[in-house]
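**Student:** Residues per chain are reported as follows:
Number of protein chains: 2
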Amino acid sequence: MANEIKAIVFDTFGTVVDWRGSIINDLGAWGKTEGLEVDWAEIVDKWRDRYNPQKARVRNGELPWTNLDELHFDSLKSVFAEMGIQELGHDKMMHINKVWHRLQGWPDASKGLHRLKTKFIIGPLSNANVAILVNMAKHADLPWDNVFSCELFQHYKPDPGTYLGVCKLLYLEPSEIMMCAAHNYDLAAARNLGLRTAFIARPTEYGPGQTADLHAEQDWEFVADDLEDLATQLGC
Amino acid sequence: MANEIKAIVFDTFGTVVDWRGSIINDLGAWGKTEGLEVDWAEIVDKWRDRYNPQKARVRNGELPWTNLDELHFDSLKSVFAEMGIQELGHDKMMHINKVWHRLQGWPDASKGLHRLKTKFIIGPLSNANVAILVNMAKHADLPWDNVFSCELFQHYKPDPGTYLGVCKLLYLEPSEIMMCAAHNYDLAAARNLGLRTAFIARPTEYGPGQTADLHAEQDWEFVADDLEDLATQLGC
Numbered sequence: 026m027a028n029e030i031k032a033i034v035f036d037t038f039g040t041v042v043d044w045r046g047s048i049i050n051d052l053g054a055w056g057k058t059e060g061l062e063v064d065w066a067e068i069v070d071k072w073r074d075r076y077n078p079q080k081a082r083v084r085n086g087e088l089p090w091t092n093l094d095e096l097h098f099d100s101l102k103s104v105f106a107e108m109g110i111q112e113l114g115h116d117k118m119m120h121i122n123k124v125w126h127r128l129q130g131w132p133d134a135s136k137g138l139h140r141l142k143t144k145f146i147i148g149p150l151s152n153a154n155v156a157i158l159v160n161m162a163k164h165a166d167l168p169w170d171n172v173f174s175c176e177l178f179q180h181y182k183p184d185p186g187t188y189l190g191v192c193k194l195l196y197l198e199p200s201e202i203m204m205c206a207a208h209n210y211d212l213a214a215a216r217n218l219g220l221r222t223a224f225i226a227r228p229t230e231y232g233p234g235q236t237a238d239l240h241a242e243q244d245w246e247f248v249a250d251d252l253e254d255l256a257t258q259l260g261c
Numbered sequence: 026m027a028n029e030i031k032a033i034v035f036d037t038f039g040t041v042v043d044w045r046g047s048i049i050n051d052l053g054a055w056g057k058t059e060g061l062e063v064d065w066a067e068i069v070d071k072w073r074d075r076y077n078p079q080k081a082r083v084r085n086g087e088l089p090w091t092n093l094d095e096l097h098f099d100s101l102k103s104v105f106a107e108m109g110i111q112e113l114g115h116d117k118m119m120h121i122n123k124v125w126h127r128l129q130g131w132p133d134a135s136k137g138l139h140r141l142k143t144k145f146i147i148g149p150l151s152n153a154n155v156a157i158l159v160n161m162a163k164h165a166d167l168p169w170d171n172v173f174s175c176e177l178f179q180h181y182k183p184d185p186g187t188y189l190g191v192c193k194l195l196y197l198e199p200s201e202i203m204m205c206a207a208h209n210y211d212l213a214a215a216r217n218l219g220l221r222t223a224f225i226a227r228p229t230e231y232g233p234g235q236t237a238d239l240h241a242e243q244d245w246e247f248v249a250d251d252l253e254d255l256a257t258q259l260g261c
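From first to last, the protein sequence lines stand for chains A and B. Residues 26 to 261 (our numbering) are what the first sequence spells out, left to right. Residues 26 to 261 (our numbering) are what the second sequence spells out, left to right.
So here's chain A without its partners, still in its complex pose (with noise of 0.2 Å):
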């Protein structure tokens, strides 16, 4: 199996990245400095309440194709809207709404990655656009071989083009591609298109109060406790 897999592609919200700490520490510390005293965990899990719901409004054809960056922009100011906070200026927006580009991984996650990197073909297959990615990767040290945004193939996950989408253009069979995520749905979803998947638990990416994917809800090809386990369940 794991000799027949040439290319792995990752989940990256909540998978290699930790969004809600990074968030939280990241605008903390910045709006310490701008004496803006506002609670970030609301401010994070309302931003991120908006994501599912506003990536449904692409699927169903309400708006045209919309990058990430500018579906969080919308979101943000309507978290500020919904909590009662005046707007900040623009270039203040923009450098909140860019702490997207700013995440940090998970402990593992550059060291498990950088060893993946030796045996295989890894990369993001993620819905944010390309230039949250890039600039991510560098932020975090998270050694891509290739970016493979949804904005490339102008559908979100898990619709099928985008998994597919990877498929096509690394010319290779879905059993030779391995999706890699710590959300069930999304494993399902490559799956069913002949993907080979690894789950990995993130049990505190949405806080402390985690309900869902704290567990394997298949029997996915690989179940590894992080990316450094892995690396090692594969050999690298």
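Mixed in with the good hints there might be a few duds.
Here are the simulated DSBU-like pairs of lysine-lysine, each with C-alpha atoms no more than 30 Å apart in a straight line [said to hold, decoys possible]:
no., chain 1, residue 1, chain 2, residue 2
1, A, K142, B, K102
2, A, K31, B, K142
3, B, K102, A, K193
4, A, K102, B, K193
5, A, K31, B, K123
6, A, K193, B, K123
7, A, K102, A, K80
8, A, K123, B, K123
9, B, K57, A, K193
10, A, K123, B, K142
If you are wondering where the hints come from, they were derived from the structure by calculation, not from laboratory data.
Given chain A, work out where chain B should sit, using these hints.
**Tutor:** Then chain B, alone, in the frame of chain A:
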């Protein structure tokens, strides 16, 4: 100037990798093991002669978008026919065609790119499709942040949509991106759209008798001896 530049994109064939020398070496060695006595230098020169006419067929609409791997395969069969060489079985023809995935960098390429990557987003902007560029990067240790293949834009250089496509994916202005190439026509097209430019002469790209692109033909922003020299000039 150098402080405004956020990303550098590189022509690949000739600028970063020595396609002619690599192919002669790779297929020369393989041919011996196969008992195939042919003149690989003649084959590669005839193969490359078909490159511009093939891209023109896509540009003028004679062909729909067609990846370089497929144009190469079509050209390879035509070269064999012209030289009276009998076609080999499919797997061997594919092995020959995929030699473009196994090219070696010029001696300065990997080191220079590793240095440039510390300060800039780097990527190929190449007519090669994604699979060629990803495999080549692993083979020749080219540490791209992202692969900007013309396949993503469904246009071959020097069509404007290729250079502007990179700007759009990175959310950068043309003046924040520099095109690096060993070919004056490529830089002229990039400059015309507002990109910065860097020229590196590769006087043996086409073999000992090369007559074109021996010198910079405009006052490009940077003219360097090789990629290590470019890194030095840019303070990397």
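**Student:** Hint by hint, say whether it matches the structure.
**Tutor:** A quick look at each hint next to the structure:
Distance check on the hinted pair: K142 (chain A) and K102 (chain B) sit about 34 Å apart at the alpha-carbon level, beyond 30 Å; violated. Taken as a hint, the K31 (chain A) and K142 (chain B) pair is honoured in the structure, with Cα atoms around 25 Å apart against an allowance of 30 Å. Straight-line distance between C-alpha atoms of K102 (chain B) and K193 (chain A) comes to about 23 Å, which keeps the hinted pair within the 30 Å bound. A threshold of 30 Å between alpha carbons decides the hint, and for K102 (chain A) with K193 (chain B) the separation of about 23 Å falls inside it, so the pair holds.
Taken as a hint, the K31 (chain A) and K123 (chain B) pair is honoured in the structure, with Cα atoms around 16 Å apart against an allowance of 30 Å. Between the alpha carbons of K193 (chain A) and K123 (chain B) the distance comes to roughly 16 Å, so the proposed pair stays at or under 30 Å and holds. In summary, the hint linking K102 (chain A) to K80 (chain A) is supported, as the alpha carbons are separated by about 16 Å, within the 30 Å threshold. Of the pairs offered as hints, the one joining K123 (chain A) and K123 (chain B) is violated, with about 40 Å between alpha carbons and a cut-off of 30 Å exceeded.
As the CA atoms of K57 (chain B) and K193 (chain A) are separated by approximately 33 Å, the hinted pair breaks the 30 Å bound. Our distance criterion of 30 Å between C-alpha atoms is met by K123 (chain A) and K142 (chain B), whose separation comes to about 21 Å.
In the structure shown, a violation is registered for the earlier hints numbered 1, 8, 9, in ascending order.
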